[in-house]
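**Student:** Okay, here's what each chain looks like letter by letter:
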Amino acid sequence: NAGVTQTPKFQVLKTGQSMTLQCAQDMNHEYMSWYRQDPGMGLRLIHYSVGAGITDQGEVPNGYNVSRSTTEDFPLRLLSAAPSQTSVYFCASSYSRFLGELFFGEGSRLTVL
Amino acid sequence: AQSVAQPEDQVNVAEGNPLTVKCTYSVSGNPYLFWYVQYPNRGLQFLLKYITGDNLVKGSYGFEAEFNKSQTSFHLKKPSALVSDSALYFCAVRDDGGTYKYIFGTGTRLKVLA
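Going down the list, the protein sequences come from chains A and B.
Quick note: the first sequence, position 31, residue 31 per the numbering used here, numbers continuous.
To get the numbering used here, take the position in the second sequence, counting from 1, and add 1000.
Hints are computed from structural coordinates only; laboratory data are not their basis.
Predicted, not measured: the structure shown is a model, and the values here were computed from it.
Ideal placement from N, C-alpha and C gives every residue a C-beta, glycine not left out.
A couple of the hints might just be wrong.
[As the list claims (entries may be wrong)] Facing chain B, from chain A, some residues (calculated, C-beta under 8 Å):
id, residue
1, G40
2, G42
3, E106
4, G107
[Stated by the list, open to error] Dumping the calculated DMTMM-like pairs for lysine to aspartate or glutamate here, alpha-carbon to alpha-carbon at most 25 Å:
id, chain 1, residue 1, chain 2, residue 2
5, B, K1049, B, E1064
6, B, K1049, A, D26
7, B, K1077, A, D26
Isolated chain A, as found in the complex:
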């Protein structure tokens, strides 16, 4: 049982480049979300989804796009990377949009030069 799988684990980009962080879960979870973790700032919610075709913004959505075409996948797109997007990114899912606890991936460390 793989749980929540994130790829890549590490990525270095130049300013202005684009990339997609992949997230897949095999637990048939309804709810999926993306967080960024920065020192001293904890985890901040970027975007979330309560089901296929439904997405919404979190606390820090600027510079990021998401889509949810299937229950399993929730990719995070950086259209034009900036140094301020250097961070560790976590994907998390839950069986329910209502009260379920989150299951986290192992993280993707992104450096933007």
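Since the structure of chain A is already known, use the hints to place chain B on it.
**Tutor:** Below, chain B without anything else, positioned relative to chain A:
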């Protein structure tokens, strides 16, 4: 808007002593509260949650948390700390207003000294 505060960046405790990691919250409706633990270079792992019912919630690895509505707090506790409990701990809150947003605190680093 929801918010969570973890007032201590780091907590040091001797092995075998009780530990407390503090968390206070603010929500507009009823709170749903969670604790997670993060080990180095890993994702977060769920420890316990409060939805409703008993104010004392028991979770994984011997941890428990006490919900106090009047003080809007949800402190994490363990009667006897282990060196292996050393990690980063996060409190999180959701409200029951249908926003579906889990908001996390800034984290508290727990160091258990042998």
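**Student:** Each hint should be assessed against the structure and marked as holding or not.
**Tutor:** Quick rundown of the hints versus the structure:
no. : hint               : result
1   : G40                : 6 Å, holds
2   : G42                : 4 Å, holds
3   : E106               : 5 Å, holds
4   : G107               : 6 Å, holds
5   : B:K1049 to B:E1064 : 9 Å, holds
6   : B:K1049 to A:D26   : 23 Å, holds
7   : B:K1077 to A:D26   : 33 Å, violated
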